[in-house]
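**Q** In case you want the letters, here they are:
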Amino acid sequence: MQNQFYRLFSLMLVLSMVLSACGSAATPAAAPEAAESAPAAAEPAAAAPAAESAAPAQEAADSHESPMWTEMVAAGTLPPLDERLPKNPRVVEPLESIGQYGGTMRIPYGGSWSSRLYSFMGNENLVVWTPQWDDIIPNVAESWEVNEDSSEFVFHLREGMRWSDGELFTADDILFWYNDIASNTDINPVIPSWLIIAGEPVVVEKIDDYTVKFSFAAPYGLFLQRLATPDASSMLEYPEHYVKQFHGDYNTENLDELVEAASQPSWVELLQSKTGSRDNNGPGWTNLDLPVLYAWRVTEPPGGNSTRAVLERNPYYWKVDTEGNQLPYVDKLVWDFLDDPNVMMLRTLNGEVEFMNYYANSLQNKAVYFDAMVEGDFRFFDQVRDTANSLMLHLNLNTKNEVLREAFQNKDFRIALSYAINRQEVIDTVFVGQGIPYQGAPKPTSEYYNETLATQYTEYDVDQANQILDGIYPDKNADGIRLLPSGDPLQFDMILDATRFPDWVNVLELVQIYWKAVGVDMNIGGISGDLLEERRKANDYDATANFSDGGLATILNVGPFLSPLGRGSTYAPAWGAWYDLGDGAVEPQEPPDDVKRQHELYDMVKATADLDLQRQYMDEIIDIAIDRFWAIGISLDMGQYGVVKNNLHNVPLSMPESWNYPDPFPTNTSTYWLSQ
Amino acid sequence: MLQFILRRVFYMIPTLFVISLVSFAIIQLPPGDYLTSLVASMAATGETVDRAALAALEQRYGLGQPVYVQYWKWISGILLHGDFGQSFEWNQPVSTLLWGRLALTFMISLFTLFFTWIVAFPIGIFSAVRQYSWGDYVATIIGYVGLAIPNFLIALILMYVAFKFFNQSVGGLFSPEYQDAAWDWAKLWDLFKHLWIPVVIIGTAGTAGLIRIMRANLLDELHKPYVVTARAKGLSEERLLLKYPVRVALNPFVSTVGWTLPALVSGEAIVSIVLSLPTTGPLLLRALMSQDMYLAGSFIMLLSTLTVIGTLLSDVLLAWLDPRIRLTQ
Numbered sequence: 223m224q225n226q227f228y229r230l231f232s233l234m235l236v237l238s239m240v241l242s243a244c245g246s247a248a249t250p251a252a253a254p255e256a257a258e259s260a261p262a263a264a265e266p267a268a269a270a271p272a273a274e275s276a277a278p279a280q281e282a283a284d285s286h287e288s289p290m291w292t293e294m295v296a297a298g299t300l301p302p303l304d305e306r307l308p309k310n311p312r313v314v315e316p317l318e319s320i321g322q323y324g325g326t327m328r329i330p331y332g333g334s335w336s337s338r339l340y341s342f343m344g345n346e347n348l349v350v351w352t353p354q355w356d357d358i359i360p361n362v363a364e365s366w367e368v369n370e371d372s373s374e375f376v377f378h379l380r381e382g383m384r385w386s387d388g389e390l391f392t393a394d395d396i397l398f399w400y401n402d403i404a405s406n407t408d409i410n411p412v413i414p415s416w417l418i419i420a421g422e423p424v425v426v427e428k429i430d431d432y433t434v435k436f437s438f439a440a441p442y443g444l445f446l447q448r449l450a451t452p453d454a455s456s457m458l459e460y461p462e463h464y465v466k467q468f469h470g471d472y473n474t475e476n477l478d479e480l481v482e483a484a485s486q487p488s489w490v491e492l493l494q495s496k497t498g499s500r501d502n503n504g505p506g507w508t509n510l511d512l513p514v515l516y517a518w519r520v521t522e523p524p525g526g527n528s529t530r531a532v533l534e535r536n537p538y539y540w541k542v543d544t545e546g547n548q549l550p551y552v553d554k555l556v557w558d559f560l561d562d563p564n565v566m567m568l569r570t571l572n573g574e575v576e577f578m579n580y581y582a583n584s585l586q587n588k589a590v591y592f593d594a595m596v597e598g599d600f601r602f603f604d605q606v607r608d609t610a611n612s613l614m615l616h617l618n619l620n621t622k623n624e625v626l627r628e629a630f631q632n633k634d635f636r637i638a639l640s641y642a643i644n645r646q647e648v649i650d651t652v653f654v655g656q657g658i659p660y661q662g663a664p665k666p667t668s669e670y671y672n673e674t675l676a677t678q679y680t681e682y683d684v685d686q687a688n689q690i691l692d693g694i695y696p697d698k699n700a701d702g703i704r705l706l707p708s709g710d711p712l713q714f715d716m717i718l719d720a721t722r723f724p725d726w727v728n729v730l731e732l733v734q735i736y737w738k739a740v741g742v743d744m745n746i747g748g749i750s751g752d753l754l755e756e757r758r759k760a761n762d763y764d765a766t767a768n769f770s771d772g773g774l775a776t777i778l779n780v781g782p783f784l785s786p787l788g789r790g791s792t793y794a795p796a797w798g799a800w801y802d803l804g805d806g807a808v809e810p811q812e813p814p815d816d817v818k819r820q821h822e823l824y825d826m827v828k829a830t831a832d833l834d835l836q837r838q839y840m841d842e843i844i845d846i847a848i849d850r851f852w853a854i855g856i857s858l859d860m861g862q863y864g865v866v867k868n869n870l871h872n873v874p875l876s877m878p879e880s881w882n883y884p885d886p887f888p889t890n891t892s893t894y895w896l897s898q
Numbered sequence: 022m023l024q025f026i027l028r029r030v031f032y033m034i035p036t037l038f039v040i041s042l043v044s045f046a047i048i049q050l051p052p053g054d055y056l057t058s059l060v061a062s063m064a065a066t067g068e069t070v071d072r073a074a075l076a077a078l079e080q081r082y083g084l085g086q087p088v089y090v091q092y093w094k095w096i097s098g099i100l101l102h103g104d105f106g107q108s109f110e111w112n113q114p115v116s117t118l119l120w121g122r123l124a125l126t127f128m129i130s131l132f133t134l135f136f137t138w139i140v141a142f143p144i145g146i147f148s149a150v151r152q153y154s155w156g157d158y159v160a161t162i163i164g165y166v167g168l169a170i171p172n173f174l175i176a177l178i179l180m181y182v183a184f185k186f187f188n189q190s191v192g193g194l195f196s197p198e199y200q201d202a203a204w205d206w207a208k209l210w211d212l213f214k215h216l217w218i219p220v221v222i223i224g225t226a227g228t229a230g231l232i233r234i235m236r237a238n239l240l241d242e243l244h245k246p247y248v249v250t251a252r253a254k255g256l257s258e259e260r261l262l263l264k265y266p267v268r269v270a271l272n273p274f275v276s277t278v279g280w281t282l283p284a285l286v287s288g289e290a291i292v293s294i295v296l297s298l299p300t301t302g303p304l305l306l307r308a309l310m311s312q313d314m315y316l317a318g319s320f321i322m323l324l325s326t327l328t329v330i331g332t333l334l335s336d337v338l339l340a341w342l343d344p345r346i347r348l349t350q
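Going line by line, the protein sequences match chains A and B. Sequential numbering of the first sequence, starting at 223, is according to this note's numbering. Sequential numbering of the second sequence, starting at 22, is according to this note's numbering.
Derived from the structure by calculation, the hints contain no laboratory data. These numbers were taken from a predicted model, which means no experiment stands behind them. The C-beta atom is built at its ideal place from N, Cα and C for all residues, glycine as well. Treat the hints loosely; a few may be bogus.
Result set (DSS-like, lysine-lysine): computed pairs, CA atoms no more than 30 Å apart in a straight line [to be verified]:
(1) B/Lys185 to A/Lys588
(2) B/Lys208 to A/Lys554
(3) A/Lys541 to A/Lys428
(4) A/Lys633 to A/Lys554
(5) B/Lys264 to B/Lys254
(6) A/Lys554 to B/Lys214
(7) A/Lys759 to B/Lys94
(8) A/Lys588 to A/Lys466
(9) A/Lys554 to B/Lys185
(10) A/Lys622 to A/Lys466
(11) A/Lys698 to A/Lys738
(12) A/Lys309 to A/Lys554
(13) B/Lys214 to B/Lys185
(14) A/Lys435 to A/Lys466
(15) B/Lys264 to B/Lys245
Covered stretches of chain A (chain B as the covering partner; in silico rule of three or more C-beta atoms under 8 Å from a C-beta of chain B) [stated by the list, open to error]:
(16) 325-339
(17) 385-391
(18) 479-492
(19) 591-600
Make a model of the complete structure from these sequences and hints.
**A** The structure is reproduced here in structure tokens:
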């Protein structure tokens, strides 16, 4: 069985990309984290601080917490540190140095606060990714066991761990979440798909106060990975003792009054308006009373009328550094809401921002930051995106237009269009020289990198493109556009969200010229994101430009470029819907046999925890993808960055960026510290 | 006069009803609904959203219901309980959001209005009286430049200047150290230090327009026989100017002063976004973009109501100012 665990962990080598990208600066953290990851060892490093704080340690404890708390402890308004920490706190090895307490971090944000706050500090799941995204390590759970066929998972929680209001966190909180929130059809009409395997939802049992067991109807080899992603965020954010008062099954005394006072239609809406970091669109962040497990808790909520949110340290945070100092180091986070990226940039240039990793970090801005580095007293860190390509061109193989469908399903046609693109020119003009010609494929540092998949048909060869196309559609009209068998010119619209991705329009404008040169007329349909979403759901489009997540976490994200499934597969939405309806309403169509084989293989990948088998199945999926040549890629996505002030420490030189790895949280944001 | 006002108020009722229908229809026009827009914006940052989560949200927001049910829910809430509904995006009651931002919006808008008038009227009068003089040309050039440069660009340039040469924190209405400080003189001073930027920016465009209108109106009047008569009778030049032609030239201002009322609330959305001001403009824009329908609908409703009230006010003012209009009523 022990062997089984190791296999499971090493399976995460899928995501090995980051190791090399991080370089030497990130590696010191790797060793202790890896030691921690052996569940049987149950964090050997933890023994030291636990013993220290348990025994005679009153004076020692004093020096291991923020001065903010020492006074309160002395005044008796806060219990001493050893009563606030669990018996076995999670020990985090800081990346560079043991920090100093204090300071305020200013972070700008635009758009939705829930995503940004969540990915900075909210991803406190049972297990988390390592900073390098190459393994899974204990977090809220101090250890776990998995049975032989990966269908039963037992998690051991930390005894004495507390919510931010001082109440104990136990297995009951997880059961409350599963039984009364996730499975309550008034609140959640459908059980989340990551909890369902072989059509059956998970069974959650309490073994004792600090042990929970998850049993699935069939093997679920990717369960631990799912647990580390934001999918699992809701599990640990429903403190039973607090949320009960809003729940119809528990509060029979004054629930109607509470509903009335909040002018909500029923208790369901009331509960939903009080909870959720990701659930219910994130109202939990605006509720000051909601107990949390995060390193900081909200003291000034974000909202329509405030231009910022303020968070202060959680006195009951359950992590310590290797010297037993309670984390986090930084006292206070101030999130400034700046709707305009230019303002964000000016503030960053002025050194008024400690950490910036979204919105104002376009490639075009990098030179401006570079010039102001000394004056603004900041430095860069690299962001390595999970995307397989800078931009994927998806011809809809299931389009309702029959003539075009026939053209698009012809692999030679797609190959010709790929040859017709001058990728180097696109890279030089739009992506300021960052990247190399590339198809939709795992990144070179990924375990699943495949040279053929990555580079096939990427040469710029107009003659060959014309030669292939002449074989299919030899006739042209007066404008030099090829004629379809119906006599109509070969024309189609490529739709995309022009508001959010002006860069993509720039790419397409070049592609339009290249394709016109070989007699194919593509119109750029720059439309609003909402309309795009509606048309994708209705499968009402001929071609679209899309993302390609999964360049690093390939095993979690096959849809965008390997095999049609879920929402990323806009190149064959109806075949994807056959496997998984996703969130859309695309009418499923029976796919060809090789696609069915891919679906079958992916089911096998999900079911097994055997790394070799997984590798073997994935390789077969990739072989089919090479043969299929689903969509046309442009270039390898490179050169992204974030900005940190020079006095902020323990920030790695490089970190992955992905929704599945909600950066920067897995790099241990609680160990970031400010030198004064 | 009283009867005139009452009749106008009575007309407002059907107008407002039609406006409520139209504004609700408008916010339903874009494809999809709030969830579509939510999914689109999440997809743009690579986030995935589970079907289960969407089902829960759809149920919570009642988005699956027919349009007339949604309209009734909204309008009956406003009429019967004064409840404008909940904003989906902010998870707050719409009324809280609206009232919370109105004070600052009004302040900025009023300051801007006074700034515009104080600058525009004297210059307008001057350039009409001294037409084609050196001063007239200077005023005209400045006016056109102010009119021609987009506001957001002036905003960016002023912010860059403030950052580069004065080392001032840009955006927002307060420096960070005063954000959560209690109101005192220092904080007020800090507010004024930030306030001049939006006031000048929003003011420049308006000032230019006003100068031109004032100049043109006044030029029409200056050569009329009554001016000559008054001058012949020995009236002093200033008294003559201010008592007769300027008063007549003010008519177009008064008849449009009502329109400033909705403008006070909608503010200058683009400038506010660029400057990160907590005014109502950016809120409205965001609500429309994300299809946050109760917030957007209530906003449009409020703006329309203010326009209707503003028009009434203009009419009353005009009747008071100009006896000729009063008599024909």
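**Q** Compare the structure with each hint and give your call.
**A** Hint check:
A threshold of 30 Å between alpha carbons decides the hint, and for B/Lys185 with A/Lys588 the separation of about 18 Å falls inside it, so the pair holds. For a cut-off of 30 Å, the pair hint linking B/Lys208 to A/Lys554 stands: about 22 Å separates their Cα positions. A hinted pair counts as satisfied when its Cα atoms are at most 30 Å apart, and A/Lys541 with A/Lys428 qualifies at roughly 24 Å. Simply put, A/Lys633 and A/Lys554 have alpha-carbon atoms about 56 Å apart, too far for the 30 Å limit, and the pair is violated.
Our distance criterion of 30 Å between C-alpha atoms is met by B/Lys264 and B/Lys254, whose separation comes to about 14 Å. Note on A/Lys554 and B/Lys214: the hinted pairing holds, with a Cα-Cα distance of about 27 Å set against a maximum of 30 Å. This hinted pair checks out: A/Lys759 and B/Lys94 have alpha carbons roughly 28 Å apart, not beyond 30 Å. Restraint check for A/Lys588 and A/Lys466: not satisfied, since their Cα atoms lie roughly 49 Å apart, outside the 30 Å limit.
At roughly 28 Å between alpha-carbon atoms, A/Lys554 and B/Lys185 fall within 30 Å of each other, so this suggested pair holds. The suggested pairing of A/Lys622 with A/Lys466 is violated, with an alpha-carbon distance near 50 Å, which exceeds 30 Å. Under the criterion of a C-alpha separation no larger than 30 Å, the hint pairing A/Lys698 with A/Lys738 is consistent with the structure, at around 12 Å. Between A/Lys309 and A/Lys554 the CA atoms are separated by roughly 26 Å; this keeps the pair inside 30 Å, and the hint holds.
Of the supplied pair hints, the one linking B/Lys214 and B/Lys185 holds, its CA atoms being roughly 16 Å apart against a limit of 30 Å. As the CA atoms of A/Lys435 and A/Lys466 are separated by approximately 23 Å, the hinted pair is consistent with the 30 Å bound. A distance of roughly 14 Å separates the Cα atoms of B/Lys264 and B/Lys245; the hinted pair therefore holds under the 30 Å criterion. A count of 4 residues in the stretch 325-339 of chain A with a Cβ less than 8 Å from any Cβ of chain B is obtained; the coverage claim is therefore met, three being the minimum.
Residue count for the stretch 385-391 of chain A with a Cβ under 8 Å from a Cβ of chain B: 0. That is fewer than the three needed, and the coverage hint is violated. Three residues within the 8 Å Cβ limit are the bar, and the stretch 479-492 of chain A against chain B gives 3, so the coverage statement holds. Requiring three or more residues with a Cβ within less than 8 Å of a Cβ of chain B, the coverage given for the stretch 591-600 of chain A is violated, as only 0 such residues are present.
Checked against the numbered hints above, the structure breaks hints 4, 8, 10, 17 and 19 and satisfies the rest.
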